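A.B. asks: Chains A and B, in that order, are what the protein sequence lines are. Using our numbering, the final residue of the first sequence is 417, and nothing's skipped along the way. Using our numbering, the final residue of the second sequence is 281, and nothing's skipped along the way.
Warning: the hint list may mix true and false statements.
Straight-line C-alpha distance at most 27 Å; calculated BS3-like pairs for lysine-lysine [unchecked claim]: (1) B:196 to A:1; (2) B:219 to A:-1; (3) B:219 to B:196.
Label-pair restraints from in silico Cβ distances [as the list claims (entries may be wrong)]: (4) A:228 to B:133: 50 to 60 Å; (5) A:381 to B:138: 33 to 43 Å; (6) B:132 to A:355: 29 to 39 Å; (7) B:197 to A:340: 22 to 32 Å; (8) B:138 to A:371: 29 to 39 Å; (9) B:126 to A:405: 22 to 32 Å; (10) B:273 to A:10: 42 to 52 Å; (11) B:276 to A:340: 48 to 58 Å; (12) B:200 to A:340: 22 to 32 Å; (13) A:381 to B:200: 35 to 45 Å; (14) B:200 to A:-1: 15 to 25 Å; (15) B:138 to A:354: 52 to 62 Å; (16) A:308 to B:276: 30 to 40 Å.
Since the hints were derived computationally from the structure, they do not count as laboratory data. This structure is a prediction, so every number in the text was calculated from the model and none was measured. Glycine included, every Cβ here is placed at the ideal spot set by N, Cα and C.
Chain by chain, the residues:
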Amino acid sequence: MKQKLLQILYDMRTQPVSGLVTLIGTALSIFLIMTVMMMQEVKTIPFAPESNRGRIYYGLYFHQESMDGNQSRSGGMSLPRAQQLYGGLEGVEETSFFYNDLEDKNVKGLTDVLFSAKVRYTDNAFWRVFDHKLLAGRYYTPEEVSAHRSLAVVSEETARRLFGSENPVGQHFDLDYNDFEVIGVVANTSLLASMGCGDIFAPLEAASTEDPNFGGTAAALLAAPGTTGEDLAGQVKARYSAADAEMAADEMRAVYHGTPFGQEIITQGWMGSNTTPDPDAGRTDRLTIYIILLIVPAINLSTMLHSRLRRRVSELGIRRALGCTRRRIITDIVAENLIVTVAGGIIGLLLGVLFGLFYDGLFVSPAGEAVRPALSLLLNWRILVTAFGVCFILNLISASVPAWQASRLHPAEAVNSSRL
Amino acid sequence: MHYALSIKNYSTMSIITLSGIEKVYRTKEIETTALENVNLSIEQGEFVSIMGPSGCGKSTLLNIIGLLDRPTAGTVSLMGRECGGMNDNTLSHFRNANLGFVFQSFHLIPSLTVADNVELPLDYRSGMSGAERRRAVDEVLERLGISHRRKHMPGQLSGGQCQRVAIARAIVGKPSIILADEPTGNLDSKMGAEVMALLHELNRRDGITIVMVTHNEAHAEDTDRTIRFFDGRIIS
Ligand SMILES: Nc1ncnc2c1ncn2[C@@H]1O[C@H](COP(=O)(O)OP(=O)(O)OP(=O)(O)O)[C@@H](O)[C@H]1O
Ligand SMILES: [Mg+2]
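Please build the complete structure, drawing on both the sequences and the hints.
C.D. replies: In structure tokens form, the structure reads like this:
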């Protein structure tokens, strides 16, 4: 180990350009890969209030088509339609219905400051599908939701902005010029949460003028452990058939797109209300990106290593003369290169974390806003282990060919090579 | 200095046997016959010098004896073992266990300290603890009077010191044979004489068989036997 470090330092001193390019190249490559990975990680890693991301499934849209195929309508669901399609499925612990859109509304409280807050209208089950942290007060009950009571649960931050240092529970505030009473305070939620986030939560109201099929309602299902997405999809498909029968009189039919969807699909980017997302497409795209991000620098690093080894042909010959086996030549070179790769990787990872923390726009919330994620989302054991794994693979790809070539050098010719 | 033959009694066992050795280098345009029908037997404990004009095949012969190169035809036996059938792995282990190399331009590894250079052959040997290796290195450095240089880098040493380190590296693994290709070629006469004295001591005290290529008549005369080469053949 000590000797490998000495060798690396010696190479750095005698061939600074090649050494630096290798280090920077590795750092850049790890930086890019880890940034892409972090962006994906943030989309799918569970954190409160979406600690159950692996078990939460969503139904967001409804799509219907006329029998003759000339007409097509799609969009968010009406509450009755959402209930008909997603209510009371088997193998589901909780089903919540809520407004899909986070609405920006003007609010004003004791502080007399008018500001805009993100309001989410939900039912009572919402608080069990998503694990918000209740800091004070309580959540609204199913009865209060049915009665459309003007009650609100607000985030800690919103409470402070509305009421300053006053105890917020029991206080009143204006929400779009309607009077609301605060009954509970929850911890702030990151905008990176897909559907669980919001500044103010209020009882969902089913507008009576609603279209029987369309509206703004979405369904979130908390599957029981052991229930798979396919189990749920099978049931929902049957519900679609039932909806078909209802609509037959209007010459319409419901088009099923494979719902409900898990976390990976709903964060896959733009999801149309009338298309079937392909879960493999996102994975294939990411895999392609990772492979390109690995192969391109690996080829460069390989060339660099090759040129550094060419200066050491005579030395390699001596090592062979002294009894070093071919296998040992390979493992020594790969190990030596791994040290360089890991050093570059650490630099790259730090760059990635700093970039994630301080560059706006890298992480975008499902609502389309720039978000700065918490450090723990960017630097955790999973990321560290992955980064090391990527370094290892990068090293194997880039070092194996030059190392193998070095091991095949003819000992006598290598010793007498003038390059040293 | 003259080392009388009579004070040594080397066994009559042949430690190096070459028979019918031929070496042909083939490049695209030309074919060079570097060695032609070389038959040679060297006894255990012998100090043999090889002389001949430049390009006559001396280094090629040493490389073949040192198992760094394979002959085009003929057989090499070292210490009673026929080496032609050995695979690369076995050859490596055999070199490590039995052979020591000394070169004209020292060939120390520039990124390693003197001590690490000397330790290298032991590093390639299995079953030796770090402590055992360091003890062996210290012993050899002490013996060659270069202990105070152990932490130096090769670039900081004089030619004579470099060759001492190279010899230390060649003997640290207690080889039976040392192959030296013009070991004094890059040294002034005083340093050259010191290196020769060292080789003679290793030959007499440790019984190491030495095969040395040299252009120096006086150095050759001091050895037990001089083999003269011309155009890839032994002429005397
Ligand atoms: N790798 C090689 N490829 C082709 N020809 C070679 C190779 N190595 C040596 N030769 C040729 O083989 C012949 C013998 O070379 P060798 O190096 O053994 O000579 P030498 O006696 O050691 O010479 P010197 O005294 O100059 O060191 C020379 O003609 C040389 O050009
Ligand atoms: Mg030569």
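A.B. asks: So, for every hint listed, does it hold in this structure?
C.D. replies: Results of checking the hints against the structure:
1. Only pairs whose Cα atoms come within 27 Å are accepted, and residue 196 of chain B paired with residue 1 of chain A is accepted, the gap being roughly 16 Å.
2. With a CA separation close to 25 Å, the supplied pair residue 219 of chain B and residue -1 of chain A stays within the 27 Å bound.
3. A threshold of 27 Å between alpha carbons decides the hint, and for residue 219 of chain B with residue 196 of chain B the separation of about 23 Å falls inside it, so the pair holds.
4. Against the hinted window of 50 to 60 Å, the Cβ-Cβ separation of residue 228 of chain A and residue 133 of chain B comes to about 58 Å, which satisfies the hint.
5. Roughly 40 Å separates the CB atoms of residue 381 of chain A and residue 138 of chain B, a value that falls within the hinted 33 to 43 Å.
6. For the pair residue 132 of chain B and residue 355 of chain A, the beta carbons lie near 57 Å from each other, so the given range of 29 to 39 Å is not met.
7. For the pair residue 197 of chain B and residue 340 of chain A, the beta carbons lie near 27 Å from each other, so the given range of 22 to 32 Å is met.
8. As the Cβ distance of residue 138 of chain B to residue 371 of chain A is approximately 56 Å, the hint placing it in 29 to 39 Å is violated.
9. For the hinted restraint 22 to 32 Å between residue 126 of chain B and residue 405 of chain A, the CB-CB distance of approximately 25 Å keeps it satisfied.
10. A C-beta distance of roughly 45 Å is found between residue 273 of chain B and residue 10 of chain A, which places it inside the suggested range of 42 to 52 Å.
11. At about 54 Å, the beta-carbon gap between residue 276 of chain B and residue 340 of chain A stays in the expected band of 48 to 58 Å.
12. Remark: the range hint 22 to 32 Å for residue 200 of chain B to residue 340 of chain A is upheld by a beta-carbon distance near 25 Å.
13. Remark: the range hint 35 to 45 Å for residue 381 of chain A to residue 200 of chain B is upheld by a beta-carbon distance near 39 Å.
14. Remark: the range hint 15 to 25 Å for residue 200 of chain B to residue -1 of chain A is upheld by a beta-carbon distance near 19 Å.
15. Look at residue 138 of chain B against residue 354 of chain A: about 54 Å separates their beta carbons, and that is inside 52 to 62 Å.
16. The given range of 30 to 40 Å is respected by residue 308 of chain A and residue 276 of chain B, whose C-beta atoms sit roughly 35 Å from each other.
Taken one by one, the earlier hints fail for this structure at numbers 6 and 8, listed in ascending order.
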